[in-house]
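So you can see what is in the structure, the chains are spelled out below.
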Amino acid sequence: MLEKAFEGGKSYWAWLMFLGALALIGVYYYIQQFQFGLGLTGLHRDVSWGLYIGQFTFLVGVAASAVMLVIPYYLHDFKKFGKIVILGEFLAISAVTMCILFIFVDMGQPMRIMNVVLHPTLNSVMFWDSVVLSGYLAINLLVGWVTLSADRKGVPPPKWIKFFIYLSIPWAVSIHTVTAFLYAGLPARHFWLSAVMAARFLASAFAAGPALLIILGLIVRKVTKFDPGKEPIQAVGKIVTYAMFANVFLLGLEFFTAFYSGIPGHAQPFKYLYVGLEGHTELVPLMWTSTILAVLALVLLVFPQLRKKEGLLAFACVSLFISLWIDKGFGLIIGGFVPNPFEEVHPYWPTMPEALITLGVWAIGFLVLSMLYKIAVSVRERMAGIEIEH
Amino acid sequence: MSLDRRQFLKIAGISSILGFGASVASATHTIWEKGLEPPQIEPNKDGLIAKRWAMVVDMSKFKTDEDIKMVTNACHQTHNVPDFRNPDGTVDEKFEIKWIWQEPYERTFPGAENQFMSEHIKGMPFLVFCNHCDNPPCVRVCPTKATFKLSNGVTMQDEHRCIGCRFCMAACPYGSRSFNWTDPRKAINAATENKAYPTRTKGVVEKCTFCTERLQFGKMPACVEAAPKGAMFFGDIEDPNSEVRKIVSSQLTIRRKPELGTGPAVYYVIGGSDHA
Chain A
1 MLEKAFEGGK SYWAWLMFLG ALALIGVYYY IQQFQFGLGL TGLHRDVSWG LYIGQFTFLV
61 GVAASAVMLV IPYYLHDFKK FGKIVILGEF LAISAVTMCI LFIFVDMGQP MRIMNVVLHP
121 TLNSVMFWDS VVLSGYLAIN LLVGWVTLSA DRKGVPPPKW IKFFIYLSIP WAVSIHTVTA
181 FLYAGLPARH FWLSAVMAAR FLASAFAAGP ALLIILGLIV RKVTKFDPGK EPIQAVGKIV
241 TYAMFANVFL LGLEFFTAFY SGIPGHAQPF KYLYVGLEGH TELVPLMWTS TILAVLALVL
301 LVFPQLRKKE GLLAFACVSL FISLWIDKGF GLIIGGFVPN PFEEVHPYWP TMPEALITLG
361 VWAIGFLVLS MLYKIAVSVR ERMAGIEIEH
Chain B
1 MSLDRRQFLK IAGISSILGF GASVASATHT IWEKGLEPPQ IEPNKDGLIA KRWAMVVDMS
61 KFKTDEDIKM VTNACHQTHN VPDFRNPDGT VDEKFEIKWI WQEPYERTFP GAENQFMSEH
121 IKGMPFLVFC NHCDNPPCVR VCPTKATFKL SNGVTMQDEH RCIGCRFCMA ACPYGSRSFN
181 WTDPRKAINA ATENKAYPTR TKGVVEKCTF CTERLQFGKM PACVEAAPKG AMFFGDIEDP
241 NSEVRKIVSS QLTIRRKPEL GTGPAVYYVI GGSDHA
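Protein chains in written order, with my numbering: chain A, 1 to 390; chain B, 1 to 276.
No wet-lab data here; the hints were simulated from the structure.
Remember, it's a predicted structure, so these values are computed and weren't measured experimentally.
There's no promise every hint is true.
[Unchecked claim] When the alpha-carbon atoms are kept at most 30 angstroms apart in a straight line, the in silico DSS-like pairs for lysine-lysine are as follows:
1) B/K94 with A/K271
2) A/K10 with A/K153
3) A/K159 with A/K10
4) A/K80 with A/K4
5) B/K186 with B/K63
6) A/K271 with B/K122
7) A/K308 with A/K238
8) A/K271 with B/K63
9) B/K219 with B/K122
[What the hints assert, rightly or not] Some chain B residues flagged as far from chain A (calculated, every beta-carbon gap over 10 angstroms):
10) K61
11) E103
12) M156
13) A171
14) A196
15) K219
16) D236
17) S249
[Stated by the list, open to error] Short derived list, chain A residues pointing at chain B, Cβ under 8 angstroms:
18) R45
19) W49
20) H76
21) K80
22) G108
23) I113
24) V116
25) E343
Using N, Cα and C, we set each Cβ at its ideal position, and we do this for glycine too.
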């Protein structure tokens, strides 16, 4: 099946070349960072994680969101997702690949990465995160490949794969829960020390991931002969709507606790992000952009007559995706570090090399995604609408 | 294995420089029996030992800014802590590495200040450094055991094992940890470099070690030696006759963020006293 990824028209190759060029730029700057050290980024001793770890966190969510297609299709026998569930699984593979790359580029001593395996440390959440993420990657590779191969041959997939499909459901929840625990268990980071952290991570993931899937589904329909179908896309739209409301509700809970309790340490990060603290307002425009886009997306999503127009649905999904990307891929990390343990404000902003390395990792992720989708679409096009019972 | 204990310790001692290289220790069963020992070499007979090292700092004994600088410089010189400077001579905060430094009262003990407190106390400088916690969050989160507890209470750091993930920096409630954002050797003066102590590489985290390498040779920590008389005490808090124990059990001392359950081993005397 792999050969399908290398059979494409001019525009397919042009797209791959474009992503490849972005990836190469990223690699060039990564080599610079490797030689100079992480000082090439905007990070410093007070904000010691930034854009890279933010992207990692956000993309773990995108990866986990495949479960939002797997549950309806395999547990509730919702047949309409039959054609697109593979798109979710392949998106998960690409997202986990990016997660691993973002961790790698964030490491001070990347050549020592095997130390995590050589000295397994059960009390470290990061150890568990590496275990669940690599497991999730393996499960999705296996499930995606086996089911698609069966489709191609026009036969139902082997029975044993069901075990791994069911396993992927709690496993998806685990990757984002463990990722939330990286933050939620640290004693002096008020912004992260919240019991709803994992729940909110899952809610925002189940909004952002499926929103991206809708966008991808519409693109696939436009550029290939494979149509994911109107109804499945509308069904995913409903999932996005519910998840986004849950996310906004959980964010509201954070605000209530921080401000009604009146404990300064809890309120300070929120103040820094949304109104500025001690004269520092660096992140305020960004956080309000996120807020406005979230409101806009919710208005478009909550009314069925608006959501049913695919153009508006796509617009809502793009708004929502950008909103959550700002909130989780950036604000969430910085809010944990500002103010610092001395209650001082030391702002952070990514540097150009840091941004280009980040872009390069995204390009590699989309390169993987494009090739996997090419394979999936080729199989689907050949089947030309024949439904296969899984 | 036909090595006897003595031979093994010799080899281990050569291959690990002054406690940097705890990985060697994992080859011996003694860790499971006794916990890690500071040097993986035969203990020096003159070495200082304790059940639980602790520090008492009395800032009222520091009369001038110079007194404080003596202490921070002594530490940073001893441990080859790089000194990154901007072209105009000010400290380059982007790359700054700090083992011990000063912060005003209200920054050292956030939430413990009040509106009517004397400006003198509010702005009073306090020396801050690693608290060598009983229950250190940095050790809990480290994915490779590159930061670990010694049986004498010191929180140590193995810069040869550290992968530079900086989880410990996010976990430390005291901002005590610094990361080498670039090669630190660029900012170490070759003329004043302490050849007896290793320099570090880029991409690893470092911090105060309670001068574990000096204790092994019977010397007090560099900061304590450089401090004015009666300003800093270092000793075994488990020993009822130690100075640190006498101060902590006889007068009011405060610790940074004790409510977090970390159990800091650095005690501050507020307002000064005639004791000791």
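Hint-by-hint comparison with the structure:
With a CA separation close to 24 angstroms, the supplied pair B/K94 and A/K271 stays within the 30 angstroms bound. Only pairs whose Cα atoms come within 30 angstroms are accepted, and A/K10 paired with A/K153 is accepted, the gap being roughly 28 angstroms. In summary, the hint linking A/K159 to A/K10 is not supported, as the alpha carbons are separated by about 39 angstroms, beyond the 30 angstroms threshold. Proposed proximity of A/K80 and A/K4 is supported: the alpha carbons are some 25 angstroms apart, at most 30 angstroms.
Distance restraint check for B/K186 and B/K63: the Cα-Cα separation of roughly 34 angstroms exceeds the 30 angstroms cut-off, and the hinted pair is therefore not satisfied. For the hint linking A/K271 to B/K122, the alpha-carbon distance of about 24 angstroms falls within 30 angstroms, and the restraint holds. Proximity of A/K308 to A/K238 is assessed by CA-CA distance (about 10 angstroms); at most 30 angstroms being required, the pair is judged to hold. Distance restraint check for A/K271 and B/K63: the Cα-Cα separation of roughly 38 angstroms exceeds the 30 angstroms cut-off, and the hinted pair is therefore not satisfied.
Taking the CA atoms of B/K219 and B/K122, the gap is about 34 angstroms. The hint is violated against a cut of 30 angstroms. Taking the minimum C-beta to C-beta distance to chain A, about 23 angstroms, the non-interface status of B/K61 holds against the 10 angstroms cut. With a cut of 10 angstroms on Cβ distances, B/E103 falls inside the contact zone with chain A, its closest approach being about 6 angstroms. Non-interface call for B/M156 relative to chain A: holds, since the shortest CB-CB distance, roughly 15 angstroms, exceeds 10 angstroms.
Non-interface status of B/A171 relative to chain A is broken: a Cβ of that chain comes within 10 angstroms, the nearest being about 5 angstroms off. With a least CB separation of 25 angstroms from chain A, B/A196 remains clear of the 10 angstroms interface cut-off, as annotated. Distance check on B/K219: its Cβ is at least 28 angstroms (rounded) from any Cβ of chain A, clearing the 10 angstroms threshold; non-interface status holds. Against chain A, the non-interface label of B/D236 holds: every CB pair exceeds 10 angstroms, the least being about 27 angstroms.
With a cut of 10 angstroms on Cβ distances, B/S249 stays outside the contact zone with chain A, its closest approach being about 27 angstroms. Of the supplied interface hints, the one on A/R45 holds, with its beta-carbon coming within about 5 angstroms of a beta-carbon of chain B, less than 8 angstroms. Nearest Cβ of chain B to the Cβ of A/W49: about 6 angstroms, under the 8 angstroms cut. The hint holds. About 38 angstroms separates the beta-carbon of A/H76 from the nearest beta-carbon of chain B, more than 8 angstroms, and the hint is not met.
Interface restraint check: A/K80 against chain B, minimum CB-CB distance 42 angstroms, threshold 8 angstroms, status violated. Nearest Cβ of chain B to the Cβ of A/G108: about 2 angstroms, under the 8 angstroms cut. The hint holds. For A/I113, the shortest C-beta to C-beta distance to chain B is roughly 6 angstroms, which falls under 8 angstroms, so the interface hint holds. Hint status for A/V116: holds, given a least beta-carbon distance of 5 angstroms to chain B, under 8 angstroms.
The interface hint given for A/E343 holds, since its Cβ lies 4 angstroms from the closest Cβ of chain B, which is under the 8 angstroms cut-off.
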